[in-house]
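Below, each chain spelled out in residue letters.
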Amino acid sequence: MIQRAIQKLAREKLEAKAIDLFLGYARGTLPGRVKPFAAAGAADCDRLVWNENCDTNLVNYLARYPGKKIGIVVKPCDARTLVTLLHENQVKRENLFIVGVNCPGVKTGVGAEAAMQPQCLACEIRKPPIADVTLGGPVETAIAPQAKLAGELWDEFKGEMQRCIRCFACRNACPLCYCTTCFAEQTMPELVYPGNDAAESAFFQLGRIMHIAGRCGECGGCERACPMDIPLQKIIRKAAAFLEETYGEKAGLSVETPGALGTFSPTDNNSIFL
Amino acid sequence: MNPKLLRKTEIAAFVQSLAPSHTIVAPQPDEGQCSYGVLSNGAQPALDGGRPRKSAKEALYPQKERMFAFEAGAVEPCSVEPEPPLILFGVRACDLKGIEALDTVLLHGAFVDAFYKARREAAAIVGLACEKMCPTCFCNSFGIDPYAPPACDVNLVPAGDAFVAQPLTEKGEALVASLPDADAAHLATARKAGEAFHAAENPKVAVDAFVEAVAEVFESPAWEGIVDGCINCGGCTYVCPTCHCFDIVDETIGHRGQRVRAWDTCMAARFTLHTSGHNPRVTPAQRLRQRILHKFQYMKKNQSILGCTGCGRCVAVCPVNWDIRDAIGRLTEELSTASKA
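First to last, the sequence lines map onto chains X and B. Counting from 1, position 159 in the first sequence corresponds to residue 159 in this note's numbering; the numbering is continuous, with no gaps. Counting from 1, position 218 in the second sequence corresponds to residue 218 in this note's numbering; the numbering is continuous, with no gaps.
No lab work stands behind these hints, which were simulated from the structure alone. Heads up, some of the hints might be wrong.
To be verified - Selected chain B positions facing chain X (in silico; Cβ < 10 Å):
#1 K204
#2 D247
#3 E251
#4 M267
Computed from a predicted structure; not experimentally measured. Backbone N, C-alpha and C define an ideal beta-carbon position, used for all residues, glycine too.
The task is simple: from the sequences and hints, build the whole structure.
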């Protein structure tokens, strides 16, 4: 149903030349996998798929097509990252045709082996905060109530950093990591040396988390991309929860107001600053 | 050399008997999968845990290696610090082939890598035949047979409640000398395991046709066509059994420092960034071309070996399902058509 609707919308918009290309998903090469796919013409639209495995956040690809008019499929979390990019003037709203899909969470595997991806278990945002068309019936409940991230994550984090291989898949999978040169790959000065020292990996990860705190749409793309299965989202959610408690906002939910990092008031809570 | 028998219940004890004089690297459980790592005292290697996340190359060629240390005004000369010799225990055939490929570059090339050489020559390698292929495996496309593996001293073949340990070198024979000879029943079970493996092999990828198609290619619009969703992370290259490119940096604190060699990845922009700021390889297509041509053209020409062993790890870890098997098929078709046109 949703798949057919996506194909139809993409075809109509491409035929009408309202968009230059449509970003969606195509069948993957492995069971339970899909791959990002850019349909450039009406003939490509039959290849667009929609199923419970459509996990990749396609917003990550918008920067590839500067100046183009783009149709894009977004889940609620993807849409949150898109809202952040709009606030940060990285994309133009008038260049986008946004097809939102209400999302009950994405799965790994197919059929009887399908299981909810861990990144989706505590998700509370089931409806895209921005869309031109929204597909799929309403999804109300979180699958598991958001567990309070109590206690210190530091020891766990330090342990996980022993496993980081610094492939930067987390960063490259993130639509919000759009710096032309990442601080971790800067050479003058060299802030992070190449290799896999846990301390330097921790420095990189903490730096990245600081950069996306208050902006992150919690799509879990970083964690999903990690070849070592490091639970990055746990730490990122902790930062997001802190921001929400301190500034009363969840990132990427409001198209009108630019979020905690985009506003300033003399009465802001300054307790985190030295 | 007589095949020996290693009972599954006796693996931990056998490995430990080797440990006093050696460091044992073996697959161990790792967050639902397994990874090669230094085996702690008395631990059981995870020989039934499937393909380890990363290849075995890390044991011989670590991600980060200190070459020498220095202080202002003085250099502590390069020394290969003596380490206990390694036993790589339970190495998959794709990784054995990977070690063979690394040998051609680091051991038998114009420059011999002293760090690699010291470890490699002292190491004993025990292979482990797979019972079945993972969905991403395509080692058979490269003629790799886990039941007649390349470059190892002993090969372990599953045989029900035991492994048949087939020594293939004198070093291997000495390693398993304490084990009893394999009996006829276990040898028959091991043979059956090989037959079952071969009967259920994955479809082959046409590697020869691809190698021929890319033999002389550099500039081609075909590269643009295979970029797909590639996000240029380095996951594929860091889990690869043959990728061996490195970066050298001086890590300094005040007047002290060390020169370090660390893995690098051709997927990253910084890989080819010049001091001037110029970067000759700016697009994702150019970087993918490098990764593919290094494996299927340059290594073939320079080392007479391919830089891919069909381990399938790059396919398994790719966040966007960029599949080299698929790319090989599409490129072969496009490049062959282009050359005929």
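Structure-based check of all given hints:
no. : hint : result
1   : K204 : violated, 15 Å
2   : D247 : holds, 5 Å
3   : E251 : holds, 5 Å
4   : M267 : holds, 8 Å
Hint compliance for this structure: hint 1 is the single one not met.
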